[in-house]
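S.K.: Take a look at the letters that make up each chain.
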Amino acid sequence: MLEVEDVHTYYGLSHILFGVSLEAPAGEIVCILGRNGAGKSTTMKSIMGLTPPRRGTIRFKGAVITGLKPYRISRLGIGYVPDDRRVFADLTVGENLEISERARGGEHAWTLSRVYEFFPALGRIDGRRAGFLSGGEQQMLTIGRALMTNPELLLLDEPTEGLAPMVVHLLEEQIAALRDRGLTVLLAEQNQKVALRLSDRGYVIDNGSIRYHGSIQDLRENEDVRRKYLLV
Amino acid sequence: MLQVESLTKSFDGFLAVSGANLSVERGEIVAVIGPNGAGKTTLFKLITGHLRPDEGRIIFEGQSISGLRPYEVCRRGISLSFQVVNVFNRMTVFENVQVAVLSHQKKTRKLFSSSGRHGIEETEEILGNVGLADKARRVSGSLSHGDQKVLEMAIALGNRPDLLILDEPTAGMSPEETSVTIDLIHRLTRELGLTILFCEHDMELVFSIAHRIMVMQYGRSLIQGAPQEVRSNEEVQAAYLGGT
Amino acid sequence: MDFGQSITLSAVGVHLLVGLSRAMILFIVSSGLSFVLGVLRVPNVAHGSLYMIGAFAAFTLNNAFGGGSAGFWLALVLSPFVVAGVALVAERALFCHLYQREHLMLLLFTFALMLILGDLVKMVWGADYRSITTPEVLEGSLPILGSSFPKYNLFLLIVGPLVAVGLYLFTNKTKIGKIARAAAVDRDMVDAIGINVSWVFAFAFVLGCFLAGLGGALVAPTISVTLGMDHDIIIEAFLIVTIGGLGNMWGALLGSLIFGVTQSLGVLLWPQFAIVFPYLAVVIVLVWRPTGMLKSVW
Amino acid sequence: QDAEARDIKVGIIDCYSGPPAVYAEDALNGFKLALEEINEEGVLGGKITWTNRDTKFKVDIALNMAKELVMREEVDLLVGTINSGAAMAVSTAVAEKNKVPFFVWIAKSERITGEKGHRYVFQTGENSAMAGKAGGVALSRKPYVKYWIAGDDYEYGHSIADAAWRNLKARKPEVEMIGKSWWKPGEPDLAPYITSIMSAKPDAVIFATGGRSMTNVLKAIKTTGMAEKFPIWIHTGTDHAVLKPLGEQAPEGVMGTMDYHFYYPETPEHQAFVDKFRETYGGPPGFPAFHGYITAHFIAKAYRKAGSADTEKFIDALEGMTIESPVGRLEMRACDHQVKLPMYLGVTKISEEYGVAVSTDIQTLTGDEVLPTCEEIQEARGN
Amino acid sequence: MQRGPFNWKTLWPYAAVFAALLFLPMALSRFYIYITAVIYVTALLAMSLNMVVGHGGLYQFHHAAFYGVGAYTCALILVRTELPAWVAFAAAPFAAAFTGLLIGWFCVRLNKLYFGMLQISLGSLLWAIVFRWYDLTGGDDGIHGVPIPDAISTINTSYYFILLVLAACVSVMYLIYRSPFGKTLQAIRDNPERCEAVGINVRRHQLMGIVVATFFAGIAGVLFVVVEGSVFPDLLFWVLSLEVFIMCLLGGWFTFAGPMVGAAVTVALRTFVGTYTEYWTLILGVILILLIFFLPEGVMGFIIEKVQGGEAEE
Ligand SMILES: Nc1ncnc2c1ncn2[C@@H]1O[C@H](COP(=O)(O)OP(=O)(O)OP(=O)(O)O)[C@@H](O)[C@H]1O
Ligand SMILES: Nc1ncnc2c1ncn2[C@@H]1O[C@H](COP(=O)(O)OP(=O)(O)OP(=O)(O)O)[C@@H](O)[C@H]1O
Ligand SMILES: [Mg+2]
Ligand SMILES: [Mg+2]
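Residue numbers (the working numbering), protein chains in the order written: chain P, 14 to 245; chain C, 55 to 298; chain B, 732 to 1029; chain H, 148 to 530; chain G, 2 to 315.
No lab work stands behind these hints: they were computed from the structure.
Careful: at least some of the hints might be erroneous.
[As the list claims (entries may be wrong)] The list that follows gives simulated cross-link-like pairs (lysine-lysine, BS3-like), each with its CA atoms no further than 27 Å apart:
# : chain 1 : residue 1 : chain 2 : residue 2
1 : H       : K331      : B       : K882
2 : P       : K82       : B       : K906
3 : C       : K189      : P       : K241
4 : H       : K496      : B       : K882
5 : H       : K246      : H       : K460
6 : G       : K113      : C       : K161
7 : B       : K1026     : G       : K113
Chain P on its own, in the form it takes in the complex:
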């Protein structure tokens, strides 16, 4: 589904990603773990075209997408949940979702009502301006917004940040359900419990390079690996 090959990304003059390569096969959940500032978000942004990589190639469904404008990448079927939420503060919750809607994917397509079913809390505040929402509500909205584009690959950058435990729990179930329906997910998470429970495959990134990758079993079960790469 997604192949990232030897990607180098810069912010201005500072070199952030040093040859990151990773792969997300169709229908799997792949997580990227790493400490603060390791480069997880930058990887996501590079895929999304928000910080186009200077070197390396990114392939989505076999086609090279490096250098495309973000809106093109999104239209190809990649949904993005940024770590800093970035809801459209001036629009109401409903409008936020509405403008993101992109009909695709047949009967299972995400629609406004399905998103509200998924996050009942959002349904209740449909008319409220997004800028006024609580942290958790904004997070839900961001996820809902990404779903409305009906993606085939979902980039989730810390989706559980600020969510109450019960909501996290529900979200976890839903992500798993989405995967079962064929969606591919690339997940960056600080909540390692969630990440380890959900994923099929894991990468550990540090200082802009991939330090470890393998099946999630290893990470989950191998205390040494966890201590070594995740510093816990």
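Chain P is fixed; fit chains C, B, H and G with the ligands onto it per the hints.
M.R.: Positioned in the frame of chain P, the structure of chains C, B, H and G with the ligands alone reads:
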């Protein structure tokens, strides 16, 4: 030290906080928990003057502080670290904290002396404490999300508050930073006698460091009590803790 | 001080009407400015230049179609498109490369554009005063309130609300209006949900300029079309969108009404100091409501 | 003495952008035309050359440019501008200070050669005192008693109105002002002002307006049909630059005073000038072109008379000197350095020949009739 | 970062430039000296504006009003009273700062463009007063031929006077820029909300910033009278304000010295392009666009970036 009595705030008829009560004693670590949208952030903003309460009283050190402007509240000794990152984007990490330190030292109106002479040690100490010392010269806008959260707290500390309010301090922090933060919170209360009021969705953390916990739902304060008491409360179980 | 003229009820009434019809032109121009301000967050100081181009284009088109009624109507319809074309070229060739920049940099760009367009107009049309004749249906006056009121002003009183309603429907009932509002806040994120922001911005800019051109074409028959029209309107337009609430289309309408009416009543009441009235109105409004009369996006 | 031949360099500052550009360019054309004639023969064995600068109608830029011309280009003379404020600034801060003669050819403030006049400043156009006086003198010959005054709310408007009223009242004490209205210069909607004036039923109306506001005023007069019912006097209301764009839409029957019309007087010399101008620039000369033209001739003749490029001798020669202009003999008055220009009072009428409104039934007021006296000037200057 | 303000290593280039400027009149003809002096005055005005725009983040849209107040105060005292010249020179900045205090007091309640627009309105009221009040200000004619003390009335002496005042003012501004107050203003520019939260009275500091900046604008006004000997209402007109604002942007408003560069570029362009073509605004516009495209951080920002190899941070 801080008493909040039947505090109410509504937005266009929607009661975000309704009749909330809270008390915080000196030296305590108090946690506020509750589902998303329960009104925790609103409560904190009411206390720190970023919002004006419709009704109710906020008493700090025996004096009413309701309706004061944020900078006045801050000068009384309450600092807030925001849930949504809110730092000085174009300035360096060092300057971010230094501004708070200068403000605390009442030096912000010095016109003719170099800022390189004021508040240096204090700032460095704080940065050392939170683990940002090696990033001191970075422009804060270029920090990663997690580091910005750390900086958020560092700025709040720059004011040497008596009461530090942390709105989801560890959200977005890696486990490593989280543990640094927990250590720091413990140290601050122990060594400096700082009082801490915070909210968090990470229940492990809440139950491991809070002396007392207040639970909010739909803007109301359900109960306030010791962790054990809260954990066993059925209503809380149903409303919030759910699976955990 | 001597009062300009006896203040009769009918004088007040007529001045009010004049204020209102003047307000319509101001509204059409400033709603465009407000739109650009709301979406691009750019104080487009070249807006006045586009208004001037609108007026000059109307003059040229009117002549090209042989003057008279047909010429007038065709010019009125076409010249906003000419202006929109100019705007589109400027946007695609230059402006669209700058959106990522600091906002004040965009202000600098529009300032440069104002300088360039001002001189270009002089190169193309020369320095002579130009004038457009009104079509016969709109010529002359009608008796209203015991005085005569020009038909053309009545026409403006009809066009203004039409534009307001059209704009309202457009910005609120279509998705593009919402997208524009979203893009104003977070351009990258709009991009990341699969919307080509670049075109949204281009569209907003061009629409704003279209309105400037329409204002210019509408005002042309009532004044002499000359260089310097840009300076006259731009500061007024900015003050109007400010008192109305930046980026708020209804605010632009309200602001125009306040402006038009205080101006024309000011002349009636205290002619010597008429120049200060609009400024005074702005001061009063802003001291009373620091973010303008209506909700603003800024 | 000054035997070696050299060119005389004239520095022109004027506003070549914005609404005033139309006048500035016209003046320059007149000036250039005159130089062609002059340079054929030559002046002091050399030529008169010129260079010009755009002031953007801003005083500070006018000062920059004037100083640049004087200090860097080292011009012998300065000529300009349409902006009274700039003219006055240049007159004092550059011309007087550096002892460089300065010819004001369009700006109309009476203070330039009046109150603020000095040895180095000259005015070759009409000024507001003349304009107002012309109006006052002309109207005092008419039977009207009840007047209404309306105009542009700025210095020029007020000074024309004041001067006209002062002179009218002095000559005909029974006149009475029943009301005034002022509007913002450039105000587009004037029809309502005019209708309210009409409802006050004055005997006659004085409009004090100029430049592009004039077009708006004339349009409003036309729309409301005012000119058919009331006598109206507008200074420069018969200006071709204003009437031409209006075409057939110009109101008829408006009285106006003007210091120059290309179609009057109908003398062969004048016709020759107009034809030559038309030939060269594709249109008839406006009043600025005429001023530009006579400015050049005054300059050339004064140098020839002085026989030297020396500034002081040049000024001495200029004072009281006369030239033969297309419209007759003109004198540079010695006491205030103001050219004595005649004024033409006429009434607008659409002309078959030109397809636009022109001034008809022209009466000429001589320069002596419309200029303030030398005593008045002395008094204004405070000595 | 914590170097003191008097670090020789960073200071010597400035000292060298200053010394070079001192010798300039010997190398230049009168007109160039005059234009250089005009550039200094404009540079001081732009620098004073940038204290609040670039470093304070305020949309100070009508800065020229204060410049005009300074110039008029100085000119009026010189023309209308018998007071010694230094009184006029000293009174002007205080008059400007006082006006700044009054206007600022209203404006600081507002944000961004609202602030700017209110200031334009208030400043325009001032302009209208100056424009109409013939008896005091000479109305739209202005006051010309202001008597300048003999010691600084020639082109050369006025050049030195202006250069010295400029150098002194810029040094003080640099001190302020680096002071805790300067830092606080920059913090307010970045994030006023957060500033309140760390205990800073934002409004009070902004007002103080305005007063300081308008004080320097008043000094620039005095210098204008010294070079030109004239005052006129254009000095208080919004167009001039906009131009000065543009100079700050052009030079690089996040840098300290940028506005000086912006002022120099603008004045030089308008003077020298103006001698070749009447379409000089067009050329100015084109040059501006080229600069925007190729020097995104302004001229000075670009220079700093080049010098520091990428770290464009003062
Ligand atoms: N300015 C406002 N206008 C309208 N509603 C608001 C406003 N501010 C907050 N709210 C609403 O008030 C409720 C409480 O918000 P608050 O931010 O206090 O929640 P919270 O407890 O902090 O939640 P979270 O854990 O998700 O951060 C939310 O439903 C929010 O949408
Ligand atoms: N706009 C920027 N300019 C310069 N450097 C940046 C910028 N944004 C991020 N960086 C740097 O890039 C590095 C990687 O950041 P990134 O946001 O990818 O980290 P992350 O792994 O997502 O961390 P976190 O868990 O804290 O979100 C960090 O060192 C950060 O400081
Ligand atoms: Mg991240
Ligand atoms: Mg919250």
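S.K.: Look at each hint and say if it fits the structure.
M.R.: We went through each hint and held it up to the structure:
1. H:K331 - B:K882: Distance of about 22 Å is within 27 Å: holds.
2. P:K82 - B:K906: holds, 21 Å
3. C:K189 - P:K241: Holds, because 23 Å separates the two Cα atoms, which is no more than 27 Å.
4. H:K496 - B:K882: holds, 25 Å
5. H:K246 - H:K460: Judged against 27 Å, a Cα distance of about 12 Å means the pair holds.
6. G:K113 - C:K161: holds, 26 Å
7. B:K1026 - G:K113: holds, 15 Å
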